[in-house]
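**Q** With chain A fixed as given, assemble chain B onto it according to the hints.
So you can see what is in the structure, the chains are spelled out below.
Protein chains: 2
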Amino acid sequence: MSEESSVLAQIEEHRAKIDEIDKELVALLNKRAGHSLVIRGLKPGAHMGLYDPKREEEIFEKVDSYNDGPLYNENLREIYACILKVMKETPSV
Amino acid sequence: MSEESSVLAQIEEHRAKIDEIDKELVALLNKRAGHSLVIRGLKPGAHMGLYDPKREEEIFEKVDSYNDGPLYNENLREIYACILKVMKETPSV
Numbered sequence: 001m002s003e004e005s006s007v008l009a010q011i012e013e014h015r016a017k018i019d020e021i022d023k024e025l026v027a028l029l030n031k032r033a034g035h036s037l038v039i040r041g042l043k044p045g046a047h048m049g050l051y052d053p054k055r056e057e058e059i060f061e062k063v064d065s066y067n068d069g070p071l072y073n074e075n076l077r078e079i080y081a082c083i084l085k086v087m088k089e090t091p092s093v
Numbered sequence: 001m002s003e004e005s006s007v008l009a010q011i012e013e014h015r016a017k018i019d020e021i022d023k024e025l026v027a028l029l030n031k032r033a034g035h036s037l038v039i040r041g042l043k044p045g046a047h048m049g050l051y052d053p054k055r056e057e058e059i060f061e062k063v064d065s066y067n068d069g070p071l072y073n074e075n076l077r078e079i080y081a082c083i084l085k086v087m088k089e090t091p092s093v
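Residue numbers (my numbering), protein chains in the order written: chain A, 1 to 93; chain B, 1 to 93.
Hints listed in this document are in silico derivations from the structure and should not be mistaken for laboratory results. Careful: at least some of the hints might be erroneous.
Computed cross-link-like contacts, DSS-like style, restricted to lysine-lysine with a CA-CA straight-line distance of at most 30 angstroms [as the list claims (entries may be wrong)]:
(1) B/Lys85 - A/Lys31
(2) B/Lys31 - B/Lys43
(3) B/Lys62 - A/Lys88
In this text the structure is predicted, and so the values were computed from the model without any measurement.
With the rest of the complex left out, here is chain A:
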């Protein structure tokens, strides 16, 4: 096997691992969304507004505390800003 095709094979192996991780990520994001939607439905009964900046900051701080790298905290916060934005936009079932 040539050097280049050996490197290509290694890249393909890592991509296959990423695909497996993405399956789990998608499942977890959906599980998270399920809980978000339930919370959204419950909030009026607790006289709570939909947007809770204190809870959002708490989430960012917890995410920082869970982070062992190689991603930096700023990277994770950027991803989580996206996740939280999408969770707010998802129509209630």
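**A** Structure of chain B alone, referenced to chain A:
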């Protein structure tokens, strides 16, 4: 327990579940980033450019195929656009 405090308690339970999910999400995002960084280091040896639009589209299509809801495909694509952007920005170790 009053109606309102019962609802607040339920919200707290769902938030605790979300916190557990976030621990797993952060671990998986870091695992994914690890593989991305290895791929980035290998690419020059395969004469591949860092940006691969064909692979990015493949990732979006796979994410669609993994999606059982309640998130819509567009929601997941939005999150993944963020993830892929951050993965590209993460400095190589």
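**Q** Which hints from the list above does the structure break, by number from lowest to highest?
**A** Going through the list in order, the structure violates no hint and respects every one.
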